[in-house]
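Just need the whole structure built from these sequences, with the hints factored in.
Here is how the chains run, residue by residue.
Protein chains: 2
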Amino acid sequence: MATASKQYEELTVESAVALARTHYPFPEGAALECDEIGDGNLNYVFRVADPESGKSVILKQALPYAKVVGESWPLTLQRAQIEADALRKHGEFVPNLVPTVYATDAVLALTVMEDLSHLTIAREGLIAGKAYPQLSTDIGEYLARTLFQTSDFALHPFEKKELAAAFSNPELCKITEDLIFTDPFFDNETNDFEPELKEAVEALWANKALQLEAAKLKFSFLTEAEALLHGDLHTGSIFASDSETKVIDPEFAYYGPIGFDVGLFLANLIFQSLTRNGDQRNVVNSHIERTWETFEARFTDLWKNKGIEAFQQTDGYREFIIEKIFRDALGFAGCELIRRTIGLAHVKDLDGIEDDSRRIELKEQALHLGEKLILQRAEVKSIYEVTALIGEAE
Amino acid sequence: MATASKQYEELTVESAVALARTHYPFPEGAALECDEIGDGNLNYVFRVADPESGKSVILKQALPYAKVVGESWPLTLQRAQIEADALRKHGEFVPNLVPTVYATDAVLALTVMEDLSHLTIAREGLIAGKAYPQLSTDIGEYLARTLFQTSDFALHPFEKKELAAAFSNPELCKITEDLIFTDPFFDNETNDFEPELKEAVEALWANKALQLEAAKLKFSFLTEAEALLHGDLHTGSIFASDSETKVIDPEFAYYGPIGFDVGLFLANLIFQSLTRNGDQRNVVNSHIERTWETFEARFTDLWKNKGIEAFQQTDGYREFIIEKIFRDALGFAGCELIRRTIGLAHVKDLDGIEDDSRRIELKEQALHLGEKLILQRAEVKSIYEVTALIGEAE
Numbered sequence: 001m002a003t004a005s006k007q008y009e010e011l012t013v014e015s016a017v018a019l020a021r022t023h024y025p026f027p028e029g030a031a032l033e034c035d036e037i038g039d040g041n042l043n044y045v046f047r048v049a050d051p052e053s054g055k056s057v058i059l060k061q062a063l064p065y066a067k068v069v070g071e072s073w074p075l076t077l078q079r080a081q082i083e084a085d086a087l088r089k090h091g092e093f094v095p096n097l098v099p100t101v102y103a104t105d106a107v108l109a110l111t112v113m114e115d116l117s118h119l120t121i122a123r124e125g126l127i128a129g130k131a132y133p134q135l136s137t138d139i140g141e142y143l144a145r146t147l148f149q150t151s152d153f154a155l156h157p158f159e160k161k162e163l164a165a166a167f168s169n170p171e172l173c174k175i176t177e178d179l180i181f182t183d184p185f186f187d188n189e190t191n192d193f194e195p196e197l198k199e200a201v202e203a204l205w206a207n208k209a210l211q212l213e214a215a216k217l218k219f220s221f222l223t224e225a226e227a228l229l230h231g232d233l234h235t236g237s238i239f240a241s242d243s244e245t246k247v248i249d250p251e252f253a254y255y256g257p258i259g260f261d262v263g264l265f266l267a268n269l270i271f272q273s274l275t276r277n278g279d280q281r282n283v284v285n286s287h288i289e290r291t292w293e294t295f296e297a298r299f300t301d302l303w304k305n306k307g308i309e310a311f312q313q314t315d316g317y318r319e320f321i322i323e324k325i326f327r328d329a330l331g332f333a334g335c336e337l338i339r340r341t342i343g344l345a346h347v348k349d350l351d352g353i354e355d356d357s358r359r360i361e362l363k364e365q366a367l368h369l370g371e372k373l374i375l376q377r378a379e380v381k382s383i384y385e386v387t388a389l390i391g392e393a394e
Numbered sequence: 001m002a003t004a005s006k007q008y009e010e011l012t013v014e015s016a017v018a019l020a021r022t023h024y025p026f027p028e029g030a031a032l033e034c035d036e037i038g039d040g041n042l043n044y045v046f047r048v049a050d051p052e053s054g055k056s057v058i059l060k061q062a063l064p065y066a067k068v069v070g071e072s073w074p075l076t077l078q079r080a081q082i083e084a085d086a087l088r089k090h091g092e093f094v095p096n097l098v099p100t101v102y103a104t105d106a107v108l109a110l111t112v113m114e115d116l117s118h119l120t121i122a123r124e125g126l127i128a129g130k131a132y133p134q135l136s137t138d139i140g141e142y143l144a145r146t147l148f149q150t151s152d153f154a155l156h157p158f159e160k161k162e163l164a165a166a167f168s169n170p171e172l173c174k175i176t177e178d179l180i181f182t183d184p185f186f187d188n189e190t191n192d193f194e195p196e197l198k199e200a201v202e203a204l205w206a207n208k209a210l211q212l213e214a215a216k217l218k219f220s221f222l223t224e225a226e227a228l229l230h231g232d233l234h235t236g237s238i239f240a241s242d243s244e245t246k247v248i249d250p251e252f253a254y255y256g257p258i259g260f261d262v263g264l265f266l267a268n269l270i271f272q273s274l275t276r277n278g279d280q281r282n283v284v285n286s287h288i289e290r291t292w293e294t295f296e297a298r299f300t301d302l303w304k305n306k307g308i309e310a311f312q313q314t315d316g317y318r319e320f321i322i323e324k325i326f327r328d329a330l331g332f333a334g335c336e337l338i339r340r341t342i343g344l345a346h347v348k349d350l351d352g353i354e355d356d357s358r359r360i361e362l363k364e365q366a367l368h369l370g371e372k373l374i375l376q377r378a379e380v381k382s383i384y385e386v387t388a389l390i391g392e393a394e
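Residue numbers (UniProt numbering), protein chains in the order written: chain A, 1 to 394; chain V, 1 to 394.
Be aware that a few hints might be false.
The list cannot tell twin chains apart, which means a pair is met if one copy fits it or any two copies do.
Taking lysine to any residue and the SDA-like style, the derived pairs with C-alpha atoms no more than 25 Å apart in a straight line are [said to hold, decoys possible]:
| id | residue 1 | residue 2 |
| --- | --- | --- |
| 1 | LYS324 | GLU177 |
| 2 | LYS372 | GLN312 |
| 3 | LYS89 | LYS174 |
| 4 | LYS372 | GLU319 |
| 5 | LYS348 | LEU42 |
| 6 | LYS348 | LEU362 |
| 7 | LYS216 | GLY307 |
| 8 | LYS208 | ARG318 |
| 9 | LYS174 | LEU302 |
| 10 | LYS372 | GLY316 |
No lab work stands behind these hints: they were computed from the structure.
Here you go:
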């Protein structure tokens, strides 16, 4: 269901409750409670609940500006519609792995959706030492299904091209183009790192081979319309428990290279792995390996059973595509490792470490691992070599 | 200027004259003459002229169906708008190398444009033995300017993505996907070849390495949104004289891999080269070489002087991109050589040869050269190796 209000205005607790009643089947006359639970940087997130029936719903409203490290800049409200449309499109293939969208209002930049507050943001849980046994099989499944099913391997070209045009997302793509693929590789004012990292960062900026590979990866992000990506699949975009996984926040969705979603998720597991030791690290390394194993196995199943491409049966074609995705994923993971360490937006896995020398040490490891994945992505033989590299980073 | 009629109807000589008066500044009261000069398969082309002033104009109207070898199938009228928009967009960069568009009417699928009937279609002229001394420098220039200037190397990403969405062209792309990249590689009913070629064609269908490379090239065509292509740049889409070159008919325009336009043009010169001997062949081989030389030199100039990419100065990046375009172009040229020999749509350069054994011999050469370019595109060192291969094909 989609409605359109007359003009944009920021929701209040009162208007959120009224909209919740309209768009969600609360019992008549229910005494609804409402809290704003977002971080307020990009969106309002209102949770509206009826304590008596136990029913609840989320109202997410995009704000017309983004606040990052104290600065504020305008940001298209259209991202709310992109996000809701991506949730619905991906939901066709993995209804169990994304929240249900009940309604949208394009003018209010509002999405009314399933309340997932019984789950925890995976990054927070992982930092707290959770194992999340389902995480990697679920995300491997999510990646394979959403990406294969929106690609030319599964869709009639008319449908694929219509989706690609509908999910044109220039403003949010530009954030990625700048913050992941450009600024961290140059001495740009958006970068943010501790003085202790200066030497490592300057070596990175002076690494000409790395610059060239970063340029190639950026070109791939700019031009390769392979599938409808989530576009920002880090562990902060995933709600999880021991038995459930839900991917949220696809406001960066657009048609791009399949390896980008895979690589971003792997990189964010790598951050977590770097912070752990022994068996605890093995838990995360198993997630890294199982993500790829599950992705590859499911992608192969889909290729064989849902593929419509005339060359589907051609010897070596599936292997070529999976190999391309793997190489791309390693390169994109490398970019994410670097930008989350020295760029504008960091990860709590590392920034949350209070011991200065330990934090700096791990950040240097993240940087070196990022460089390695970018430079050696053509040679790395398997996902097991990737987890081995994490151990070698010390 | 753009007008919109109320409903589509096929033009007549009378309505063409009336529209010509509206959209082109003929002298008041001029006694206009009008001829339909198209081939009637896809479009009407009316030439409206005032013999007294010597002024004339072309009215091109898309027909709602395509007739190919006796069959008729519906085809989007939107292609007229795509074609006019591509002529205008490319005209911003090479006003001297495309016809001027005076007006369009989206409902009538009509474009009013510059009359080029003082020129000859390059394919016809080349078959008749013309040298067209400007042809390759002009087309090299056309390729470099139109492709560089519509790429991420020159455009702000917002503008590029807006153009990419606006030039989404699924129906015409599908024709290419089927007729160039799919059908000729399988025993498909759209294929069309002499019985004498059966053995060579069956060997081609059984060539698994070739199938795999064709699959990769098709994937590139489907996914790589690098620049606004002409999309069908063969020698039948070019008007020429000894001193002028004009590229027409970009109804297949869409955002695709840069090498596709380059490769299609090269392949069509290769057909012509195959039909010639000695000095006459050298004239065409020089065109092949000079097209690439001019493209590479001009693309390099533009990169240095008009490039906006942050990695513009990165050592080896320009060379990497130009190398990618070269390899892609060879592969796409190979596909064009094959499909124009055994697929649905042939070229007069070969089909027009009356001597049966000579025609079959040249078609076999075209097929083998096509296979070679596809399979060896990663190893061919230069455009001079390509022209050398033409000699070796005998």
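### Task
State the violated hints by number, sorted upward, taking the hints as numbered earlier in the document.
Hints that this structure does not satisfy do not exist here, as all of them hold.
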